[in-house]
Amino acid sequence: MPEMKFLELAKKNRVFQFMASVKMAVPLMLGLAVIVAIGTVVESRYNAQLAGILVYRSSWFEALMVLLWINILFATLARFPFKKKHTGFVITHIGLLALLAGGMITGRYGIDGQLRIVEGQSGNRVVLPELTLEVGDLKQHTVASYPIKRGLDMRTGSGLHFSGLKKAGLVIEKFLPFVFREQSYTSAPAGSDIPDVALNFSLKGSMFGPAGDWLHSKDRPEGQMGPTLFRLVVDGSDGAPNSKIVNKRVDHGVAPKVAQRGGSGALLIVKDTSGAELAKISLSDLKKKSRSVKGVTISLVKTYQQAVVAENKLVDQGGKGVNPAIELRLQQGRDGKPVREISFANYPDFSLNGGASLGVLFQYVPGNELSEAQAAVSETQIEFRASSQDPGRVTLALLKDGKRIFSKAAKTGETIETPWMPQGGHSGIKISVDSIIPRAILTNSVQPIEIAPGASLPESAIFVRPESSDSPENAGIWLVEGDFKTLQAGQNTYDLHYGSRRLDLPFSLSLEKFEKIDYPGSEMPMSFQSTVRVNGEGEPILISMNEPLKFLGYTLYQSSYELGQGGPSASIFSVNKDPGRPVKYAGSLILCVGIMIFSIMKSEWYKKKHLKGTA
Amino acid sequence: MKKFFPACVGILLFAGGLPFAQAEQPGSTALSASEASARFKAFAAKIDSAAVAGVPVQSRGRVKPFDSFARETIVFLTGKYSMSGMDAGQIYLALMTSDVAQQAEIVNVRDPELRTELGLSKARRHYSLQELESSRLEELAKPALMRQERNARLSARDKATLELMQQVWLSRGVISGRHLTDGLTFPGAAEHRRSGSMADSLAGSPVIEQAQQYLHALSAGDETLARQSAAAFLAAAKVQPMPELFSKNLGKLGLEVWYNHAHIFFWTAIAYLLLGIALIIPHVRKRLGLKTVLGMTAIPLMAHIAGFAVRVVITGFAPVTNMYGTMVWVAFGLVLFGAFLFLAYRNYAVMGGVLIGAAATLLLTENLPLVLSPDMDPIVAVLRNNFWLTIHVLTITISYAAFTIAMLIGNVALIRGIISGLRGSRSSQALQADEAFYKEYGNLTYRVIQIGVFFLTAGIILGGIWADYSWGRFWGWDPKETWSLIADLGYLSILHAKYLGWLNGFGILAASPVGYLLVVMAWYGVNFILAAGLHSYGFSSGGAAMVGAFVGVQLALLGVALAVQQLRRAQAVTKVKS
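Here the protein sequences line up with chains L and V, keeping their order. In terms of numbering that gives the first Met the number 0, the first sequence has 515 at position 516, counting the first letter as 1, and numbering is strictly consecutive. In terms of numbering that gives the first Met the number 0, the second sequence has 240 at position 241, counting the first letter as 1, and numbering is strictly consecutive.
What the hints contain is simulated information worked out from the structure, not anything from laboratory work. Hints may be right or wrong, so weigh each one.
Claimed, not checked - Label pairs and their in silico Cβ distance ranges:
(1) L/Ile540 with V/Phe339: 41 to 49 angstroms
(2) L/Pro578 with V/His260: 53 to 61 angstroms
(3) L/Lys288 with V/Arg152: 38 to 46 angstroms
(4) L/Ile599 with V/Asn503: 19 to 27 angstroms
As the structure is a prediction and not an experimental result, all values here were calculated from the model. Cβ atoms here follow ideal geometry from the backbone N, Cα and C, with glycine treated the same way.
Okay, chain L solo, but in the shape it has when bound (with noise of 0.2 angstroms):
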């Protein structure tokens, strides 16, 4: 046989004996483990994502990884013709290079994607970890997609380019592998249409260092800067509080960077048994005067910054709050018995739910910045009354209690010196106007940041330009991962998505119900549960915890979920599809199977057995 004799003269290749060595084999397993142990240390230190990029899903472990393969192949190779003695052996090792084969088959083929679904909602579109550039061109009528690899360091030029994309105009400039998204006010161009302005202050005084902030008259509107609020008023607006600036800060637990600085006022939330939200209740609000829900008269009693127990009644400690608390009394109707409700706004758990018997729950969520002792003052209010005639022009207003005491025009650039809060000689707080911008828009702009030990992975974010080599260096946009913009280059218009590569599934899974079952008497859950339909008919399937959904390949299992505040509750599958399973599965048991004859052909009692046989 021809391919004997390859096999005779490989043997007597030095290279070939070299790769089919132990002596190989010994070190390649001792710096496999090495390595890998230094990507738990950064899985324990950094996350699990930045131990992949750096070590699991590079390219040279993946390199390693088919050195090792070559090496069991060729020290199997290297002993055939098999004899018996053999045996155990050759399994052994036929078995590992399957079960390798199968994970890499896996690595490269299978799809391991994560399926969100919304109670009541259906979807297909598979989020996957792997990072792409979708281009739409709207004059070509295509869609194409580019898959960006993550790294660690910043790329530019050779290692982005696709002819592809080159061929559509475009050109991927940069790859910044973490960055920090950082939002600001800049004017549009004029001409356009835009009422709103955007104001830049700042504060000194003899109490506190420098602070400043952002308010915008649609976005960001007020904003509570220690004891005061801030407040900008483009004539023509009525300038009452809005306060859905504030909600939508609590519902979505994000705002812009802007927002972060200041600080928003505290809030009550009232919910029913089910957990469905009945009202929110500003803090200031009840301050004043008790509020009535469901029939319950809720009134304040007290607040605590910082609740702690001393000679068995709760006290507040005072200071920055670790465990800010409400104390609330209930009373049903005109002469109910009135009920103590303490509500801890870290601790909901532990709250009192006295009100659970009138059918009422709180959630208390105490502002970012208001004490105690500053909301006896936060009647102060700081008012820049600005006209989107002429935003130039500003004036300044300090009021108290809603009473105007000091009122005076402010330029951009100017120090006004204020009669608020004078410190023994020194005069009171300076307030001067950094900026304002007429037409104001949003603008993001980026900025690369190390990644710290403990945190989550930053996102990536690539620069996308058009190729035209004459086009400025601002023609160009940054896409941050998640980003859809659009890019207007020359005739054509692109449509970009930047971010994790979707992939729709052939079908569609309807999420009729999530369930969250917890130990007796526990927060602990005993098992999650969600009811799904797929493409919305036939008979409801349960997907639980170790019982998946298998479906045209592809296996859904339940891996998390979001558990609605008063709105519904969200499922998250895991979405599976593994070509290498059978595979792995093979090599797995002939591995096993292996091992066992190799410790029976080589224990002392099957080589007595043996001799005495043939003897």
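Got chain L sorted already, so can you dock chain V onto it with the hints?
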């Protein structure tokens, strides 16, 4: 950190109205600390805690006998299950009813530096609630609480302070009666509440009423009344409405109380230990035949299995979901593999060593309730009703038993190497005896490692199958799976190195403890040091000093043994030259 908050809220209710009226404290402050302690002890000693041991109490998601409830509470407060003759139930009940409960020295301040910082007397380790409350503890705990709230990294001192704070909160909860009220209020009872104050709503609960009568009888010191009311209390607690998951386990409470007090694993360990010592004394082992040894091993082994079975019956799942469970299982594996090796090689000394090792493992496991928690609380959702989980953990940890045997033999060989090396120049006969020893035990170790590698590899693959079944992927470089692979690669390297002739006799014996360090990392380190990844349900803390000492001893042994060998070789060379 949730543990302490119920206690904190408990105090809130104390202000509103306490379900259990505490006895008056007539001039108790006038008592000196030692007088108060003596009074507390005398009071506790009179309580017949067995009368209420079987009262069903709910905590942490399951119904358990009051006995277990009190044990879990008291071990967290005091670090022990019993103190100066008082058992956990007595201490718990005495805390609720004694007039000197605030002065009873029961809170174990575990961190010695913290004791100094709080200005506590150095002669003791247990302090009274009164002492701690008048110390600077709360002031010290505040910054740590703040850091915890921000999810900032906590120093060892922070953790110690927070733990003590929790102990204080818990003891307040116990003394106020809130802790027991929570335990006796079964889920579902909340729906029956008529008003907002829990104390009011509980006033109508027959269980709480009976409990109050019982506690009143205790505080009055009326033993007859206490006995009667204990029976009524027990009866009322058993018939109260409860979720089905609880009611179907009511029948097991008696078994659990029995299990708590039978100390099966402790007595098993003592039997292993005695047998092990007998086997390593040449004079004794000569008189013991093969069958006698196996028969004598079988008796404690059956008890070991029975102990395991009782835990399975009580909890409904295989006890391999935490460090405690796996350690007990590994001790079982040690004896099992030891018996097989004994059958195959008839080596009495190895059998003796293995039995002593198993006894040490069990005794260690039984005596560190704070690090290796033996409680039988329910498991997280992903671990429920899962056959493959059980199989893969059992398979992997049984391999640890094999590696432990290999490590023990390796240690004996290292010590022998050091001793014979330090004796200086010796006859060639002695050297030959050494070589023969290394060869024999090197081969034995090789075999044991082979068994271990088989089980570890199979276990890793079974783990892959479980992960595929539960999480949808076979392999994901999760730290736990990665470290078991690292240990496997380490031992595979040893096996392949023997094939190459790189390791022989002494080499294998010296390498096996090194491989074992990888096992320690996979077994303990991932959960206790790295604490990352999907196997988060096994994470815990503590025991670092002990494991660190073990690693240190192993490395020191290895270092000294290799140095001695080098020295000896150098001497041999100079001898030949001269």
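For the range 19 to 27 angstroms, tell me whether the beta carbons of L/Ile599 and V/Asn503 fit it or not.
-> Holds - the Cβ-Cβ distance for L/Ile599 and V/Asn503, about 23 angstroms, lies within 19 to 27 angstroms.
Measuring from beta carbon to beta carbon, are L/Pro578 and V/His260 in 53 to 61 angstroms?
-> 56 angstroms, holds
Has the hinted range 41 to 49 angstroms been met by the Cβ atoms of L/Ile540 and V/Phe339?
-> 47 angstroms, holds
Distance restraint evaluation - L/Lys288, V/Arg152, Cβ atoms, bounds 38 to 46 angstroms = At 45 angstroms between Cβs, range holds.
Checked against the numbered hints above, the structure breaks none of them.
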